[in-house]
Structures are given as C-alpha cells and as structure tokens.
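There are 2 protein chains.
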Amino acid sequence: MNRPLSYEPTPVWASRLSAPNSKKILLIIIDGLGGAPHPDHQNMTELQAAKLPNLDRFLREKQAATGLICPVGRLGITPGSGAGHLGLFGYDPFLYHVPRGRLESAATEEEEMVEGEVRARMNFCTLDQEGKILDRRAGRISDCSRPAKLLNDQVKISGAEIKIVATKEHRAVFMLKPPINQGWSPEIIDTDPQTTGVPPLEARPLKRSVGVQKTAHVINEFVRQAVQILKDEAPTNGVLLRSFTGWTHLFLPDDPRRLPKFNTAYAVKSAAIAAYPLYQGIAKVVGMDVMKGATNLKSEIALLQQHQWDYTFFFLHYKDPDSRGEDGDFVGKVAALERFDEMFPEICAMQFDVVALTGDHATPSVIAAHSSDPVPLAIAGGMKQTHDPETHFDETHCRSGWLGVMNGPDLMPLLLGAAGKLKKFDGFA
Amino acid sequence: MNRPLSYEPTPVWASRLSAPNSKKILLIIIDGLGGAPHPDHQNMTELQAAKLPNLDRFLREKQAATGLICPVGRLGITPGSGAGHLGLFGYDPFLYHVPRGRLESAATEEEEMVEGEVRARMNFCTLDQEGKILDRRAGRISDCSRPAKLLNDQVKISGAEIKIVATKEHRAVFMLKPPINQGWSPEIIDTDPQTTGVPPLEARPLKRSVGVQKTAHVINEFVRQAVQILKDEAPTNGVLLRSFTGWTHLFLPDDPRRLPKFNTAYAVKSAAIAAYPLYQGIAKVVGMDVMKGATNLKSEIALLQQHQWDYTFFFLHYKDPDSRGEDGDFVGKVAALERFDEMFPEICAMQFDVVALTGDHATPSVIAAHSSDPVPLAIAGGMKQTHDPETHFDETHCRSGWLGVMNGPDLMPLLLGAAGKLKKFDGFA
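From first to last, the protein sequence lines are chains A and B.
Residue 227 in our numbering sits at position 227 of the first sequence, with consecutive numbering throughout.
Residue 468 in our numbering sits at position 39 of the second sequence, with consecutive numbering throughout.
Since the hints were derived computationally from the structure, they do not count as laboratory data.
Careful, some of the hints might be misleading.
[Said to hold, decoys possible] Restricting the straight-line Cα-Cα distance to at most 16 angstroms, the calculated cross-link-like pairs of lysine to aspartate or glutamate (EDC-like) are:
#, chain 1, residue 1, chain 2, residue 2
1, B, 491, B, 817
2, A, 149, A, 161
3, A, 424, B, 619
4, A, 424, B, 755
5, A, 51, A, 338
6, A, 423, B, 739
7, A, 423, B, 758
8, A, 163, A, 232
9, A, 163, A, 109
10, A, 269, A, 289
11, A, 424, B, 621
For reference, chain A alone in the conformation it holds in the complex:
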C-alpha cells in the first residue's frame, strides 16, 4: 500500500488518449501579457487601461472560456520565458530540465551542441567608465552583428575556440567549442547580475573540479578581452552571459528527462511563428516546424495566413508587451496590447476551430520585470461560457471565468479536448 506509483507527465499521458483529426488549434502567446495595478494610472493594469474592442467582441461572440494560468504550474514562481513557454506546451519545467542556453542556441542555424561544448545566452550591454552596467540590453539596439564580428575576429585564447552568433537586437549566443580530446563544463554561475549599477559578475565554478575551474577561467578571459575589444563600441561595450548549457543537457535517447516530441505526444502537425529567436528555439526543441522570416506581428500574421492550411496546431508569439513591460513603460505596453487588438480581426478571419490567448508570464510595468502573477487566458471553441455585454479581457474578468486558476502543463489537454482530439477516458488497460 505504501509503494509509490509512477507519475506520467502531460505529454506522456496525453499521448495515450490523443486522437488526431483535421481541426485546427491556434495558441497565441502574448509575451508578458499579465500586468498589475499601476499607482500612476488609476491603479489599473495595462489590460484594464487598454482599449481592446476586437478581443472583447470575440470573447462574447465565441462564448470563450476564460481563466488565469500559472505557466510553470507553481503559484508564487516567476517564470522565465523559456520555462513559461515549455509549461504552456505541456512540459512541466520542474520535470523537464532545459536550460535557456539550449533554447537560445536552438534558433540559430548552428548545429546542435557536440560532446564537451558549452553554450550560453549572451547580451551585449552598456558599461559606464567604471565598468558598471548602465543598460543590460545596450539600448535594445536593432542589431549586434558588428560587435559579434569584432569578438569573433579578435578574441584569442590559447586552447579555446569561441564563437558568438548574433541573433536579434542585443541578443547573441556564446559558444565554447571543445578542442580535441577535451571538454568544457557548464556548471558556471551567470555573469549577468540581472540588475544595473554594478559590474558584471565573475564566472564562478559551481563545482570544485579542474574541468569546471578551467572553463570558468576561459570565460573570464573572454569577458576581459571582450571589454578591451569593444571599449569604443558603446552602447555595446560589454557582454553578459547567462544559462551556461552543456551537451549533457540534451539527454540520451532513453533518458526520461528527454522531451517527448510535441507532434507525437499530441497527434498534431505543429507550426511555430515567432519573430524572436528564443521562441523559435523553444519551438524547435519540442519539435515544431519553425516558420522563418517574420520580424514583427504584421509579418507573423502574414506567415500564419500563408501556412494556415498546412498544419493542425499553430503557436504564434507576440513579443512587444513584454519588452515595454520590462522597460517599465505602462503607456507603451498598453499601446502594444492595442496594436495586437487592431490586427486581431485578420487572425479571426482565418478558420481555426480553437483559438487560445494567453501569456508565458506577467510583466507588470510597475515593477519593470517578470512577476509570478497568474496570467489571463481565453479559449474560444469547445467549452462555452456566457459573457455579459461589459466583458473586457483583463485580469479581473478572467479571474471569475470558467477555468479557474489553472496550471500551464494542463493547457494542452484542454486545447486538444476542445478540438475533439482526445478520446473519452475510462481508465487505461
């Protein structure tokens, strides 16, 4: 009686019930969707302040079911973007360990990591004359391929091959390639202190091993040379590294921590449309087809139109509300939400059987950072809920919705069920 039973995570048990059909599901993840009351704006949240006539009409007409969602499935936890998305895709990030560095690098055209390689997410940043961080994102410059090239051309560390791949705006991937017969170790603490006014941190080993100490030494030498090489390149005169990832994080084929493939688990054919590399990387890691070429919401919607008949599951990512929230820009975040609402009718004009709207985490502009607040969620198609004529898509309305406060890894079964893609469950034989 006291022997434990094995616990099956969502993609495993859902695969036992999945029943493919031709119905189409669209999951729109509005990055940083949720907000918090702002004292300078009549204590309204960004969603409450935003005029969203198209979304509001959509909820009423489609009798959308609403609720709040904890993307990573734990109240109180502030999700990073990688974990938030994995949770919404059904992969409990407390069970499936996928470091951010791997997600970031997956979106590049580079090969998957090889044995002994270490990668990390890199930000170009702005340092002041004393070497303290002025801006963790170098003013969100539009492109960082110039400073990346400078580093690739000029960094010279004996016995270490380093490659920087610029991805989007201030973002890049740091790659430390393994020399013959030798490997690097990813057990290194971030150099990004996640705040301004202080210098970047030393890369410190998390383990007392010669290999890890050697890796930390190389990374610190890289950072030292980078600051030299970039000294006249403000705003991109510094670098911040986080989420060091090694080859071992890919897991062997029989390792239960290896991610089950999205399409196999849920019996769908899935496409990802995202302008930013991290979100393309997450989609690629779970096995979605990544539609390339979009640079903003408008071109994302064009891609969706182009591919709308080719897939049965679509993940569409909209970045702007998170960026404005991170900047502490209440008005900018409201405007970003309203821009989404303006374009939403183009999405509604396409034929999806189930449309879900949510976020990977809240980014209240009042705190200018991700928060642990549960995020608004609406699902149209399937379960029906009656909305009064005053319905507005925001935290308060969603809180009283049919779905309650749910956990991220429970979302996929809900969407599959709403689209008739799950068999009735009467026990497994």
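Dock chain B against the given chain A, drawing on the hints supplied.
Relative to chain A, chain B alone:
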C-alpha cells in the same frame, strides 16, 4: 541530489493522516450532473432550467461550500463513468489502471476473474437489415436475460467456454473462461464503434502474438454466432463488446498499481447504494460494502434509511440525469433533476454530518454525450459559505463558490477533513 522523490497518491498519503470517528459522510453522485447552455432553451443549462427548491434551501441553510470538480483530475479530459467515480473516490485513474470490464463484472455474483480469463462489458444492440447499428442500447430494454440465455444455451465454440451474465437493462458481462492449461489475452480492440449507422467492428488484436490472435478469433466467432442466434430477437439482435479485461489487470498483492482499500485508506466503514451494476462494481473493487436490492432512487433511499446507522461513509448513486442527457433529452434531464430534488428532503431527514453532492462527469443534453466540463459540487458540513437568498444550485453559482475548480482525487480528503477524520498535518516522520 539527482534521485527523484516518489509521488504518493491520495489514498496513500490520506492513510497517514486518517483518524477514525463516528461521524457520517454521505457522498451523492448524480450521474452526468453537469450540463451546458442549450440554444433551444434560452441558453440555459439543465440545472439552470430545473426547479430545485429543496436543494437550494439546503445550500443556504447548511451554508454549503460549492465549487466545480474535474472528476479525473485533468481539465480537458472527458471522463468515462468508471474513471469519473474512481477519481471522486480518490483513486487518480491516470495512476490506477482499472479497465471498465473489470468494474462491470465485479458487480455480478460471479467469482473474481481467474488466471487466463477475459471479460468485457457487453451491450445488446439493435442492428438493421444490413447489419449496421441502429441503437447501441437496444432501446434501453428493461431486461436482457432472455437473449443472454439464448446465447448461453446455443453458442458453441470448440475449446472456448463463454458465459453471458445479464446485469441491467441492455447491459451484460461477457466472460471467456480459460480451458485447462491455456489462457486468453485481453489485448483486443473494442467491437463497439461508439456510434450508429456503421456495423460493429471486428475484434482486432492489439499485439502480434498467437494467444491474442486466437482470442480475437474466438470473440469474432462468438459475435458471428450471436447475430445468427438473435436474428429474430430485435431490438436485441446484436452485441457490442468493449473494454476487454484480463486477470493480469487485477495486479499482484505487492503491485503498487493495486488499489488500496477504501476503508483502510480513509479509516471509514463504507456502504455503496446504487441501482446500476457498474457503480456497484466500482464500489466493490475499492472495497465498499454493496447494499443490494435497489432498482431506482426511491428504493435506494429506502436502503439508505435501513443502513444509516451501520456505516460511517455512504456512496449513493443516482443514474437518471445521465441517461436522459445521453439521449439528448433536455426536458427529460431537467425532470430527472427535479425528481431528485423532490426526494431530497427524505435524505435530509437522516442524520449525516457531511453531505456532498456532485457528478462523475457532465452529460450536456445539447451534445448527447459526456463532456469534459467541470461538474458542480456542494459540500454541507465543515467549511461554511454564505449564500444569498437567490442561490440556485447550478454551474454558474458553483463556479463562484469557495472551492474553486478542484480535482476529483482531492475530494475525499476534503470530505474527511470536513468530518474531522483527518489529523492536523505537521510533516511526516
């Protein structure tokens, strides 16, 4: 640091906290209780349309705590009746695998399965002249012991002993007894296609093994002979088999998938009162005492009165709302709910310390099938909630209740706690 912790399901951890007392809990499961807005009935659900003055008064006077419940503990999943009940009894059906065939057969007076035996749920059905299914339930005839006897007398398959046990209405249990030194295999796909207008399916092997193929062959031969024998017996001129179950599904005593006994886990003495065999079978499988003899709600209540002092936990099952919902009969389901309300005062007149009302799944008549919607729940005794004078027991009211949207396997601890049958928890030693 990398070894996982084991997960303890409800009956296991609850047993560590259970503290018996003489208080009495009554759990009423109204089959198919939940509904959905019906466009032909002013977009009301069946509960919203039903007049339930006694229930409504009960909620107010007892300050019942209300909420919604996902019986199998997963949003988006449509529960079958077996899985829904197991979930409400605390047995997560995604962990404890109990096939429907075993639940159905447990209610008969037959012995438990022996090694090599295979059983299944059987429906007598109505076939048209081309052999296509007209009615999966043979018009819900009141008794099928005549066609069952015809099959028992006339089916002859060399090397196979088949027994059909009529249970209630169109329902029966199919038993394929093992010959000496030989066993049958349950890895067979249902012959019930779960729809009409098509012929029954072939019994196909789920595994490539001689034993399974032989079993499938015998089942197909049985179905062929049954159609011959019953050809003039319309509406019971066909058979549908589902949920083939073998002896191996009973699990050995040390198998963690074996169900912990209800009485031991929760430290109660439990009685089940149900007119229909499946629900008696579920109760028997978890170890409740099954009170026999009831044929409808009225005689169920009489049994409850008779045994009210003999037990500390009572499970009372009311079938009619599900049957009418499955038939797509909105008015009939409303009437079935109102019949319950009329008899409810007889239940209230007895002395239970905690009374809970819920369902094993929703059966909205608008879709004439089970649905994945969470089901209304009310618990009187224990936690108190204030209700305004307009309170009506329905989906909308329960949605805004104290309990939120909860999971089936969390219900038993809630009921035990409300009855003071759980110790304060301050960590396990």
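Checked hints:
no., hint, verdict
1, 491/B with 817/B, "holds, 12 angstroms"
2, 149/A with 161/A, "holds, 14 angstroms"
3, 424/A with 619/B, "holds, 14 angstroms"
4, 424/A with 755/B, "holds, 14 angstroms"
5, 51/A with 338/A, "holds, 6 angstroms"
6, 423/A with 739/B, "violated, 41 angstroms"
7, 423/A with 758/B, "violated, 23 angstroms"
8, 163/A with 232/A, "violated, 21 angstroms"
9, 163/A with 109/A, "holds, 13 angstroms"
10, 269/A with 289/A, "holds, 8 angstroms"
11, 424/A with 621/B, "holds, 14 angstroms"
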